[in-house]
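A.B. asks: Residue strings, one per chain:
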Amino acid sequence: MHFLKSARFQKAIFLFIVVAPAFAAYVLFTLYPNALSIFYSFLDWDGIGVKTFIGWDNYIRLFQDPFISRALQHNLILLVTVIPITLAISLVLADLLVNRTFGENSFYKVLYFFPNVLSLVVIALIWSFIYDGTFGLLNGLLQVFGLGGEHNWLGSKSTALLSMIPLYVWCYVGFYVVIFMNAMQGIPKSLYESATLDGITHMQRFTKITLPLLSGVIRVGTIFLILSVIKGFEYMLIMTKGGPGGSTEVISLYMFNLAFGGLNLGQHFYGYASTIGMMIFVLLVGLKLVVDKFFAKDSVEY
Amino acid sequence: MRIRVTSWLWRMVLFVWALTVLLPLFWILYQSLKTNQEFFADIWAFPSHLKWGNYEKAWTQLGIGKSVINTLYYVGLSLLISLFVSTVNAYAFTRIQWKLRSLLWSVIMISLFLPGINILVSQYTLMRALDLTNSLNGLVLLAGLPVGAFELLLLGSFMRSLPKELDESAFIDGATLFQVFRKIILPLSMPGIVTIGIFKFVGLYNDFLGPFILISDPDKYPISVNMYNANAMMEFKADWVTLLAGLVITIIPTVIVYVLFQRKIIEGATMGGVKG
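First to last, the sequence lines map onto chains A and B. Numbering-wise, the working numbering puts 168 at position 168 of the first sequence, and it's gapless, one number per residue. Numbering-wise, the working numbering puts 1190 at position 190 of the second sequence, and it's gapless, one number per residue.
None of these hints come from the bench; they were simulated from the model. Errors might be hidden in some of the hints.
As the list claims (entries may be wrong) - With a Cα cut of at most 27 Å, we get these calculated DSSO-like pairs of lysine-lysine:
1. B:Lys1051 with B:Lys1066
2. B:Lys1066 with A:Lys11
3. A:Lys157 with B:Lys1237
4. B:Lys1164 with B:Lys1099
As the list claims (entries may be wrong) - Sample of chain A residues with no beta-carbon within 10 Å of chain B, all distances over it, derived:
5. Ile60
6. Thr81
7. Glu150
8. Thr196
9. Leu197
Ideal Cβ positions, reconstructed from N, Cα and C, are used throughout, including at glycine.
Based on the sequences and whatever the hints tell you, model everything.
C.D. replies: Here's what the structure looks like:
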């Protein structure tokens, strides 16, 4: 009885010292701000002055604000380009690394993954230098091949947003190469062997066997990519600040600028920014559900 | 014959992608050893001599020296606290029976569904109300103390795989809970803790948005925000080679950690993605 009592006491102490503060911090710093942002989304508030409750006004404003639809269009352009390009390149590279036995393959896997551990600011600044109008790497390469090379890629409205696409692809491909390699290595060899006996080509093997078996992983990858592309506005924040002329302003950056930018606004909009945050939240959950439904039917078990 | 040609073609594809990763990095390194005049005149030309002085300038004039100390403090302390929190919580949630366990576990797992992007404003106002803005300790608190779902999942599954008899027999021998944790569970969980530690280190070292929003005093900038700021100043100074040298300095710790722990990093980073 005495033993039980002391063991119980130890347990209580342990839980109190260990679980309680970390859990309280989780509730305070993660859960509470989520609730708070719902509250803020109904306010007219500049962050310092009086909080005015304005009901659904901010939500109505979402639909009337032309900058919202413009920003969402930019997001859409990035989503429909970055995701398929990233998936296609990663699938091809992963297939090559798994099914061809080149000596350098294991080195490539590690090298391809490297952009994932690079700091966001470093990536942003490297790509700023790549795209620079006077001493950029891209222009330098174009000059070597005699293809012009005078263009200011991030400085002109027509190319600024499109220039972000290769950056995103460059960042993400390595991660998905590893994910797809793991999945491909999990496919039973016997499936390939019987097909090889039937005289199937590399290409048919890839499209007829590998791709269908990977549909579950591709679905997860698509959801991951949607999340990353919509959330990842820091590159624009660092490289273009949304410019020129708002041509690289994506929805998260617009939200960020409303709250913290104050550059041209002269004022902070904490309430309205929180409303946009809620919209992004709903958007992300909605897109996840759509992708789940879209892919659920044709996922394959083996 | 045809097969050999296509085989080489595919080999080239792999090589080209490798080049897209390596070329920009080497290019930065190459330009960082020139003078500004050489850099502006011709980006391909060899430097007349290697200007290691750019690195000295970056360290002092761009404030990298100071920001490295800030980063060491912020990353080091956050890492220590968060590893402690993750390990003891994983132990409490997987190997001790208590009343609210499954309830608290599910509450923590909620965070896996929260995108986080919608709380930029509210988290900032919360930190401001607690007087934790513009303070490295505030950053440490925010990054280190809250228990994380990902860490709990990873370490928890690791600890669950350890046989139950380990703690039971130790308890019968009269060991206390603390002793069991420290002498048995902790050493056996080391591989999992190291994986999380490296993974966390990379995340903390690269973290930009948090410090960018919360820290306003340049003397307290961690290295990522410092580089952002240095870049913004270049519009007036145009000392690009020094900035590039600063970039190389920023990349060096990443390269070292990656070369040493690439297997663990890749394993840890892709762990969430493998499961459908």
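A.B. asks: Provide an ascending list of the numbers of those earlier hints which the structure does not satisfy.
C.D. replies: The structure conflicts with hint 2 only, although it agrees with all the remaining ones.
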